[in-house]
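Asker: Each protein sequence line maps, in turn, to chains A and B.
Here this note's numbering is used: the first residue of the first sequence is 1, the next is one more, and so on.
Here this note's numbering is used: the first residue of the second sequence is 1001, the next is one more, and so on.
Careful, some of the hints might be misleading.
Unchecked claim - The list that follows gives simulated cross-link-like pairs (lysine-lysine, DSBU-like), each with its CA atoms no further than 30 Å apart: (1) K206(A) with K176(A); (2) K1127(B) with K2(A); (3) K1185(B) with K2(A); (4) K2(A) with K1173(B).
No lab work stands behind these hints: they were computed from the structure.
Predicted, not measured: the structure shown is a model, and the values here were computed from it.
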Amino acid sequence: MKCEVCRELLEEYLDGELAAQDHEQVDAHLIACLECSESFAALSAEQEIFARYDREIEVPPFLWTRVAAHTVSERRAPQRRWFAPSFAGAIGLLLIAIAFGVVYLRSRHKTPEPQVAITPSQIQNPDPVRQSVQSAVPTHRKRRPRIKVITKQPDQSDVLSSDVAYLDLEEQETAKHIEQSKMLLRSIKNVQISDNDYEIDVTYDKALSRRLLNENVVLRRDAEMKAKFPTKTLLADLEPFLIDIANLPDRARPQDVREIKERVQRTEIVAALLDYQDRGTNNR
Amino acid sequence: MTGAFAGTLMNSSADLVTRVCQGDADAFRLIFERYSRPVISFIFDMVNDRGLAEELTQETFVRAFRAIHTMRAETKLSTWLFGIARNVARESLRARARANTHVDLADKSVMDLSDDKPVPVEGLLSKELNAVVRRSLAALDEDKRLVFTLKVMHQCSYAEIAAITGFSLAKLKTDLHRARAEIRKKISPYAGVGYEV
């Protein structure tokens, strides 16, 4: 093999892409030719530099959480959420439209007469000023007493209760999640770490944290979509703690646990979770 | 390796794909554990931006999940994922170019490194060498960077690169050779050798 041919094939030889016959010929040539073998050594040295190239980039722990939120969690979510929000919303709008339609039709045709509830204050108006004004108005323009139209509502028990139950379920789910997270963070906050500890077994806390983390992402996104901003903020604050605990090795170094413990204490996240529970659903 | 990583090596990629198609969320997590690092590295090589690489890696896996049922049985999962990552990275680079953002991936200072002054490898901090490689990569045009990254950084075969990029064998060989030549100019002082191939 001539040197020019060998050099042309050298990169493919290095890449392991040569056919067996060519490979053997280059092998043989490199043994015999000093110049070509130096060229190959240079290529190999170059390769060595690329092999040592460190991008200093890691897969951040939250990346799976984000990916899961758009993939596997979405697939799971519809099982409990098939009713909402689009379907429930459509049903709700339909019911409102029916109610308005009934009111409108009854007020136009006046038959049958709607049931009217008149309050005593409307029959005997205690306000003398108003009474005098009303009496001054021509009869045909007399203000009609304020009436409350009691329309017979369609039986919505089977539909609305499901919707309400669903909302309750979600609230309950968030409340349960907050409770479990609070317990987890408390256990971290209260963990006793002595200087003699070599490692701390956090297997259970880690597994729990991983589960709570997945849950947290879904609930946080739900809260954001439904404009429950206090809930969303709290869950966003909670997430870094869950990530850190989830990423501990099963047998964690005491200083790693201590760092999380101190951060839990410093940020008062447990107090924030408690406060959220105390405020009840109205302030969420 | 502990926890979720423990099962990674026990499952073939084909098994994992089948399981994901059957609705097994854990299988998709294992795919993520196995391929997220090469994918994020590849994307980082292409876009040279850490934050963007994370976002695009996320996008790659989301797209992969949504399309995994369309993956053909004979396709290698890594090749398929790199193909998606390549499209995602390319779309991002094009979008940046369209937005008239001046994407100057190449640091001009890298040109100064290509003088003839010999710099011994031993005396060079690995961090500096990393920076040189990174800037040299960024200075390549997109096709050359793509082929070079896949071959040299990720050890893909020519056949795999052709499948990922859609390039002909001839084009990818030419691009690879030129990419090597361009990068060589920048890093040869650090390799401590002067040569021509």
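Asker: Check each numbered hint against the structure and report the violated ones by number, ascending.
Answerer: Per hint list: single violation, 2.
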